[in-house]
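Peer 1: So the sequences go chain by chain: U and H.
Heads up, the first sequence is in the numbering used here, so the first residue is 338 and it goes up one at a time.
Heads up, the second sequence is in the numbering used here, so the first residue is 158 and it goes up one at a time.
Worth double-checking, as some hints may not be accurate.
[To be verified] Examples of chain H residues lying across from chain U (beta carbon under 10 Å, computed):
hint: 1; residue: Arg529
hint: 2; residue: Ala532
hint: 3; residue: Ser533
hint: 4; residue: Leu534
hint: 5; residue: Ile600
hint: 6; residue: Ala601
hint: 7; residue: Asp609
hint: 8; residue: Val626
hint: 9; residue: Pro682
hint: 10; residue: Glu684
hint: 11; residue: Thr687
hint: 12; residue: Glu732
Simulated from the structure, these hints should not be mistaken for lab results.
A virtual CB, placed ideally from N, CA and C, is assigned to each residue, including glycine.
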Amino acid sequence: MGKAKIRIVTDSTADLPARIASELDIVVVPLNVHFGREVYRDGVDLTPEAFYRKLAECPTLPTTSQPSVGVFEEVYERLARECDAIISIHISSKLSGTYASARMAGSSISPGRCRVEVIDSLTTSLGLGFIAMAAARAANRGLSVDEVVLEVRRVMHDVHILFVPDTLEYLQRGGRIGRAQAMVGSLLDIKPVLKIEDGVVQPVEKVRTRARAMDRLYEFVEFFPRIAEMGLVHSATAAEIEPLLTRIDAVYPRDKIIVTRLGAVLGTHVGPGTVGVVVRQGDEIRSNS
Amino acid sequence: MAGAELGLDEGLVSSVIDSQPKRIDFCTGRYLRDALRSAALSLEAHVDEINALNVFPVPDGDTGTNMYMTMQAAVGEIDKLQEPTLGAVIHAAAHGALMGARGNSGVILSQILRGMARSLDNKRVASPSDLAEAFAEASATARRGVLKPVEGTMLTVARDVVDATTAAAAAGGDVRDVVWAGLEAARASVARTPSLLPVLQEAGVVDAGGQGLLVIIEGLWRAFSAEQQPRPAVTAAARPAPLATSGASYGYCTEFMLRGSGLDAERIRSDLAALGDSLLVVGEPELLRVHIHTARPGRVLDYAGELGSLHGIKIDNMQEQHHHWLAATVAPPPQPPADQASEAIVSPLGRGEGEPSGISVIAVSPGPGLDRVLASLGATVVSGGQTMNPSIRELLDAVERAATDRVIILPNNGNIVLTAQQVQSLAEKEVLVVPTETLPQGIAALLAFRPDADLATNSSLMLKASRAVDTLEITRAVRSSRMDGLYVQQGHLIGLLNGRLMATGKAHESVVRDLIRKARPDGKPWELATFYYGAGVSAAEAEALLARLRSRYRAQQFDLIKGEQPFYDYIISIE
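Chain U on its own, in the form it takes in the complex (with noise of 0.2 Å):
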């Protein structure tokens, strides 16, 4: 009996890097991005530099949507034809509906023909990018269907991300801010510092300055004994975090850090200027295996 030949899918709010992507052979669907009547997919019609310039010239905000079962149903089918199980990693259920689009695709697959696992992964950005990373690596190894799913649900515990928008009023417009909510209608100028916890965005602390939160994402590294991967996400300027990427290097080696722009719909959901650090705890890996 052959190995299971499994595929792992993911979608564009992890934020993964083209290049890794395909190194892994990661399959990403993309979520939607709507400014007024246009539709763009995330990361296919539109980059995130293209993305942030029309957000700075349209007056109207954009909102985004989840891949339609439809979409899902093509690439689970696409895939049933060439492999026997497909683990498809998606953003928190309670930060979108992209979940449960696949879910509902993934019903659709009978599984004498191809095996589908539809995950939560309560996260997002390249928390989720990390998850999926490692799904991939066991796959590769050749880890059963059942092992990799074991696998993901290790990597979710230890993957931890903290950031900092410039404000609070686009996780608030667009419904996502959880409760952080509690932060909001401070007489003084604060600056958030959130985390995804239990799949939702959670409030860490306020600060006052700009720079105190840059120390916070510095100080947040710190405390980590053992990191086995981290992301530096952004939807600011590279001037703005080559201070802090700097600092981090004192104590894990910028080079291997994966610093990336917000993709177009996260960034529809925080706004410009915001800083994020994703840091994977545990053993480092050696890459692919």
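Place chain H on chain U using the hints.
Peer 2: Only chain H this time, still in chain U's reference frame:
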């Protein structure tokens, strides 16, 4: 026993003591009661004098006020006694002082009374040596209650009194001799305080707390000696309360919660402004907390009663400090709906579910504008401007009213830290005090609060955050003085940096700039200055000052917030 033999009757001080000075071999409950009443009167007559001794020439020196109010609270409890036995009197005094203690000096005084109560306990009468022992226990208890006892303060005076009274009792003196010895020792000790504490020497004053203790012992002496005593105000007919609304020393301190719907705090505030002062109206459209000093509490309650239901009504006669609790059940704080972040006055920070396992933060605020800022950051606010130090009872009540089992207190004033620590030991709930000494430290600590972390983690996070800001305070000197090599003229502006007098001048801008220079001598950069402007400053003035400063400091951000605090034109945080 001895009381009956001496033929004492009830009544006022002047009639208790025999007109011939003869030996008083035993101190009875009635003697002690009258002595303590006399002490309170003595303090009352000297409040301003003692306040003026505050080393800082700042307008909010309040040692006199704090000690007087603490003593009044003690006497208030004594007045309720049916049977003034010695033990009952001293325990009542200790309990009253404990609850009513305000400020550091008030708390130390309450510890003194507590020590006396522990020593005298259930004795029916006290011999001279019993009294000396009681003073010794009092001194030791007070000393134990202070984390870092400093010589040249009330504690030194107390110890010197103990030495003298012990000696007098051992030499066979009577009660009068012992009190006299204590009085003489106190006088000498107070005069020596400048030699023990250099800052007193430089300012040219004796220690305020020590002087307060001396005044108290003078009062005790007057009761035991043949000297005539003025009628104590406690049992005198009430002075006619003026209908004018000015003057916080008259009228009734009136507080209540008003529950209704669509309550308009601004409107209520302007309506009530005509009825009194020290007015606070804070909260939500469904639940407001109202606090006012008024000569007509009935009018205030009638007015508010038309707008909704009243709860937890408290009226203090500020002259006599009698407490009347009406409608004693305070309504439990409203449970916020689960999907809505709660900003009700008594809700824990950041929790929408009102879980009792969460943590509340109680912050003491010096002004109404700051009440609003602190509440907007999720704290439960207790008002306590410099001269409105909250008492142990007030803080304790806030702790008990909080919806959670764990509470953090931010005193935000050096003079309230000890009070908060007392509350910590008295409260049944788990209380953590983060010893913030200024409002900016308190705000920094509040911002650092993590609702999902435990008390220990919050303790270190909040303390660390409070130390990361520099506090600048601008006020006017109430007298000319010399401090830290700086000569200050009465009426001029003075600037304090993290509690130390560091600058003086005639214009706000120059004092601020001087302080900023001194705050960052090594050129360590700062990003943000937040100015909380006080009740004596108009918005236009404040904005003009900031405009000038912004043009000088182009790289930094300046925020302006209406604080409405008394006495301090500006409280500023630099970070």
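Peer 1: A separate judgement is required for each hint: does it hold in the structure or not?
Peer 2: Evaluated hints:
1. Arg529: holds, 6 Å
2. Ala532: holds, 9 Å
3. Ser533: holds, 4 Å
4. Leu534: holds, 5 Å
5. Ile600: Isoleucine 600 of chain H check passes; min Cβ-Cβ to chain U is 7 Å, inside 10 Å.
6. Ala601: Hint holds; alanine 601 of chain H Cβ to chain U Cβ min 8 Å, cut 10 Å.
7. Asp609: At about 8 Å, which falls below the 10 Å cut-off, the nearest Cβ of chain U leaves the hint on aspartate 609 of chain H intact, so it holds.
8. Val626: holds, 9 Å
9. Pro682: With Cβ-Cβ at 9 Å, under 10 Å, it holds.
10. Glu684: With a minimum Cβ separation of about 5 Å from chain U (threshold 10 Å), the hint on glutamate 684 of chain H holds.
11. Thr687: holds, 7 Å
12. Glu732: holds, 6 Å
Checked against the numbered hints given earlier, the structure satisfies every one of them.
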